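J.: Next come the chains, spelled out residue by residue.
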Amino acid sequence: MAKEKELTFEENLEKLEQIVKDLESGNTPLDDAIAKFNEAMKIAKLCNDKLKKAEESVHQILNEDGTLEEFKATEEA
Amino acid sequence: MQDKYITVTQLTKYIKFRFDNDENLGHIFLRGEISNFKAHSRGHYYFTLKDETSRINAVMFSSSVSKCKFLPQDGMKVLVTGKVTVYEATGGYQIYVNTMTEDGIGNLYIAFEQLKEKLAKEGLFDPARKKTIPRYPETIGIITAPTGAAIRDILSTLKRRWPLARAILFPSLVQGASAAPDIIRQIKVASTYPLDLLIVGRGGGSIEDMWCFNDEMVARTLASCPIPTISAVGHEIDFTIADFVADLRAPTPTGAIEMGVPHQNDVLQLIEQIEKRLEKSIFHQLEVENEYLHQLTDRYILKNPLSMYEIKEQKFDHLLDRLSLGMGQLIDIRKARLAKSIDTYLFTHPERLYMEKEKELAHVLKTLQQQSTLTLEHFTNPYNQVLSKLETLNPLLTMKRGYSITRREGEVITSSKQVKKDDILDITLADGSITSKVV
Chain A
0 MAKEKELTFE
10 ENLEKLEQIV
20 KDLESGNTPL
30 DDAIAKFNEA
40 MKIAKLCNDK
50 LKKAEESVHQ
60 ILNEDGTLEE
70 FKATEEA
Chain X
0 MQDKYITVTQ
10 LTKYIKFRFD
20 NDENLGHIFL
30 RGEISNFKAH
40 SRGHYYFTLK
50 DETSRINAVM
60 FSSSVSKCKF
70 LPQDGMKVLV
80 TGKVTVYEAT
90 GGYQIYVNTM
100 TEDGIGNLYI
110 AFEQLKEKLA
120 KEGLFDPARK
130 KTIPRYPETI
140 GIITAPTGAA
150 IRDILSTLKR
160 RWPLARAILF
170 PSLVQGASAA
180 PDIIRQIKVA
190 STYPLDLLIV
200 GRGGGSIEDM
210 WCFNDEMVAR
220 TLASCPIPTI
230 SAVGHEIDFT
240 IADFVADLRA
250 PTPTGAIEMG
260 VPHQNDVLQL
270 IEQIEKRLEK
280 SIFHQLEVEN
290 EYLHQLTDRY
300 ILKNPLSMYE
310 IKEQKFDHLL
320 DRLSLGMGQL
330 IDIRKARLAK
340 SIDTYLFTHP
350 ERLYMEKEKE
360 LAHVLKTLQQ
370 QSTLTLEHFT
380 NPYNQVLSKL
390 ETLNPLLTMK
400 RGYSITRREG
410 EVITSSKQVK
420 KDDILDITLA
430 DGSITSKVV
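The listed protein sequences correspond, in order, to chains A and X. All letters in the first sequence, in the order written, are residues 0 to 76 by numbering that gives the first Met the number 0. All letters in the second sequence, in the order written, are residues 0 to 438 by numbering that gives the first Met the number 0.
Hints were generated in silico from the structure; no laboratory data involved. One or more hints might be untrue.
[To be verified] DSBU-like, lysine-lysine: derived pairs with alpha carbons at most 35 Å apart: (1) X:158 <-> A:44; (2) A:41 <-> X:275; (3) A:14 <-> X:130; (4) X:130 <-> A:44; (5) A:71 <-> X:130; (6) A:71 <-> X:187; (7) A:52 <-> X:158; (8) X:158 <-> A:20; (9) A:49 <-> X:279; (10) X:37 <-> X:3; (11) A:14 <-> X:37.
[Unchecked claim] Per label pair, the in silico range of CB-to-CB distance: (12) A:49 <-> X:238: 32 to 40 Å; (13) A:17 <-> X:312: 32 to 40 Å; (14) X:180 <-> A:17: 40 to 48 Å; (15) X:271 <-> A:25: 49 to 57 Å; (16) A:66 <-> X:73: 48 to 56 Å; (17) A:25 <-> X:327: 35 to 43 Å; (18) X:289 <-> A:17: 51 to 59 Å; (19) A:71 <-> X:289: 32 to 40 Å; (20) X:279 <-> A:49: 21 to 29 Å; (21) A:71 <-> X:112: 36 to 44 Å; (22) X:314 <-> A:41: 52 to 60 Å.
Note that this is a predicted model, so its numbers are computed, not measured. Glycine included, C-beta positions come from ideal geometry on N, C-alpha and C.
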């Protein structure tokens, strides 16, 4: 998984939306269009997986000493 | 009988005596609202304390003023201690205030309004300076109490709506005197973390409980926080100062999550839509390109390559024909033009040109002659007119008709009164003069 800095969810979705707009404009040469389509589908899958497979995230609390520790809100009795 | 009557001073002194010796009036605890407040230049305060139905004048001398911890204002509710006595000069009773403190909630509102106005003037609530809340925050900072409903609501709502986000709790006191400095400290700490969003808040409570969110320094720290902020103070009153300063105001901690993060289902749906649009547009493009390809391959030329040669042959012949035809036409045109020029009038009779010029010259000479006569008349006519005018005015002509000029030693005589007996007069006539003597 060694690749360049991972894009944020927001950046990915923005990229996705841009590609759709580009393709829908119909001004992209076919080769580019296919390349972009493939890239977009990859991003869409990535976002989809990120959402669907998201286990409950581990939340943290900042301790007095500046360290972060896992935090779970105490359920109401 | 006169002894029944006392003076105003005596009466006033008596009343004052009664006031001053009254156990209750000597040390009174009074609650009221300030009005007509005036801070005298010498340091004393003069004002009126009132409630719904009554009022009393109040004086606070500078020695007591120096112990007062706030600047009183009209409308403030205060608790004062002091004594009630009579001011003899006006005959009015008034309270001399020893101590004055603000009276709870009434003053909180005033302080709130004052701070709100001040910060608004500084532009801290300006919509233009509000940061945009990111659409898909992934790391969310939360400043609130680590126990209690607020953090629990936030995390459970986050789990339901946007589970991929990670929360970092910056625990803080959210009520009491230490709350404000604690919140300020945690905002500053949170600012050093790579957060997409910072939520600052607490659950509902009394107005005093959440007063830390109306703290000026909390407001200023929040305003200068580089991370987009959401205020989430559960409360019944409309807004806290923090609400005005934050980039987004949520009515409750749960609301902060609802407003700050998208719902995962909406986002999944959005991605699905985008996928569909992607497929649709790429298929459409493929279709268009494919059709174009078919159009190209379907063309007659591609199906009958020999026909291309035939067409070229034919075209070549056609061009040759047009070329020879064109050349012939061009030569004919030039020839015709030459013949036409040779055939002209002058070429056939050159002497005519001389004759015509001679005729023209004669005409010009004639015109010149006529013109010069006219010009001469134009100049001589006015001259003749002047001459005849001069003639009619000539005195000699008048004298020819029998008039004469009479002079004495050169002076013209125009009246009989000018002469006396024995004067020698010269009379000039048209043809000479007579010397005569008056008799």
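J.: Tell me, in ascending order, the numbers of any earlier hints that this structure violates.
T.: 10, 11, 13, 15, 17, 18 and 19
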